[in-house]
Amino acid sequence: MEAGVIETGMVEAGGIDVRGLDFGYPGGEFRLRLGELRVAAGESVAVTGASGCGKTTLIHLLAGILEPRAGRVAVAGLDMTSLAVEDRQDLRALKIGLVFQELELLDYLDVLDNVLLPYRLTPVLELDAAARGRALELLARVGLGDKVRRPPGRLSQGERQRVAVCRALVTRPAVVLGDEPTGNLDPRNRDQVIDALLGYGREAGAPVVIVTHDHELLPRFDRTLEVGEPGAGAAG
Amino acid sequence: MSDVLYLASRYLRFHRGKTAVLVASIGLILFLPAALQVLARQGSQALRARAEATPLLLGAPGSAVDLTLAALYFRPPTRAATPYREVGRVAASGLARAIPLHLHFRPPTLAATPYREVGRVAASGLARAIPLHLRYDARGQRIVGTTPDYLEFRRLELAAGRRFALLGECVLGADAARALGATVGDHVLSSPAGAFDVAGSFPLEMPVAGVLAPSGTADDEAVLVDLKTAWVIAGLAHGHMDVTAPGAESGVLERREDEVVANASVLSYTRITPENLDSFHFHGDPDAFPVDAVVVVPRDRKSGVVLRGRYAEPGAGIRMVVPRAVVDDLVATLFSVKNAILAVSLGLGLATAATAALVFALSIRLRRRELVTLRRIGASRRRVRAVLATEVLLVVTAATLLAAGLTLLVSRLGASALGLLGS
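Those protein sequences? They're chains A and B, same order as listed. So for the first sequence, the working numbering puts the first residue at 1; every next one is plus one. So for the second sequence, the working numbering puts the first residue at 1; every next one is plus one.
Simulated from the structure, these hints should not be mistaken for lab results. Please note: incorrect hints may appear among the correct ones.
[Unchecked claim] Selected chain A positions facing chain B (in silico; Cβ < 10 angstroms):
{"#": "1", "residue": "Ala63"}
{"#": "2", "residue": "Glu86"}
{"#": "3", "residue": "Arg167"}
[To be verified] Here are the in silico distance ranges between beta carbons for each label pair:
{"#": "4", "chain 1": "A", "residue 1": "Asp107", "chain 2": "B", "residue 2": "Ala351", "range": "26 to 36 angstroms"}
{"#": "5", "chain 1": "B", "residue 1": "Thr400", "chain 2": "A", "residue 2": "Ala70", "range": "49 to 59 angstroms"}
{"#": "6", "chain 1": "B", "residue 1": "Ser25", "chain 2": "A", "residue 2": "Glu102", "range": "26 to 36 angstroms"}
{"#": "7", "chain 1": "B", "residue 1": "Thr400", "chain 2": "A", "residue 2": "Gly52", "range": "46 to 56 angstroms"}
All values reported here derive from a predicted model rather than from experimental measurement. For each residue, glycine too, the CB sits at the ideal point set by N, CA and C.
Using the sequences provided together with the hints, build the complete structure.
Shown next, in the form of structure tokens:
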């Protein structure tokens, strides 16, 4: 299938710019091709499509977790495909906030330590009083201000996902990516999580790209990208 | 690094049960060979120290190990008695014949040496001879019959009182005084060797002349008496009322021209006092009286060699041993046993290490999702490995500290327990 082009307006330094993307797993038949995807700063995009069409793969490519065979993935003004693995990890820690449906919290750390985890895992981030303050503020904003010392095992599924959102946003990322972050949540918790992610995108001027199967959520996004559609991306 | 340490320590603290089991099992497997090594070293040092301080020993032919252990640690030369009722019990079973053996005067483990050997060594001019008589005890504390020379030879200090000077007096080792609850001026009663042994070894009440300062050696547990006092306890000497005195007719069985035969009503003294001291006398030739070992202190090295040569001659009837050589043989045997135990410990250690490695490997597999999360958040592979390696390091460090603490404890306790083997 030919790569398509999706116009999303001006690509800014804080945006996402994908061109001529071609990805396939080694030894596998699955292929994902994407002619062009531009997401401007502060813009939100919902990614939809049938199961197995490559939505999660696209998020992983945007996050630099996977490396395309060909094409260019620029995030926050940096071409991920030209970076070494270690640099992509640093870029991910510094610039990208990731929320997954099953992005697990560590049961041996309390809520606050889970939110601050990126600071403990990457030497490029410094865990200082400002970071702690930001973590506490984020937790308070999602209604978990009184549970910062609780172990994740004593939280509800919705609360756990809100903690994961705080962890994704605590580094003030330039880009927010989500892979079905509301997949297991009831409507109330779902709305709280989406509010937090989209609200951050608007406030920080960060592009937000989120995979979702929930069609009720689509009107909340600026645009929708249907992976697998002719002219968008395809699994083959 | 502090972040890696923080994450690793939080994980171990959260899984404290698993961590405790790992630390305990690794700690124990490190502790066992270490403690064995420490105890073996302390034991051999203690054994050797007292043996080195004792140049030569004389004793009856037989086991050199028995002679050495008896002389150095006052191990009783005889076996514990078995009540005669056991003979009847075996016979009554109808399953076997029971043949009793009474070996009190010829102990199977260490035969007596005649006292004349002490004089013979002294007469040679080559060495001092210090006799030891070890057959009796006072409520479990070994009565050591010897000469006052012994205290000087072992450099034993008095904490109270004075050395034994009169027949019947005793000097207590520090532990013996504590065990018997006695001090200077009290009396200690020797335990009878047999309740119905009419031939002698009746209980003798001994005044305590002195108490030794603790020495950390077998001397602490001894009740030191003059050799003649030990012979009194053995029944080789005794004192009784004067049957030749006027008014003692009731105790006379038969009066001959040159001797008086006393009857059973004659009162034997069980306590030696200034008033009855003169009535104590020996029956038989004191030169033939028994001693269990003789500590021989040569004048010089050459004198020692000459003496050893004399006693090595065929037909000498008495043997001379070098305690150091005997203990070296003993220690070599102990060390071969220790090495066998160490080999087993090594095997156990390898098995434990393999099990611990398996536990860690399975743990990593179970934590795969967590590790994937760390990588997605931005942790490098090296960082994740550092966290895992730090967890292992913390467990091994805690186990090593546990093993070191236990080994230190054992070395302290072992040192005090082995103290009685010291010089």
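- Hints not upheld, ascending by number: Hints that this structure does not satisfy do not exist here, as all of them hold.
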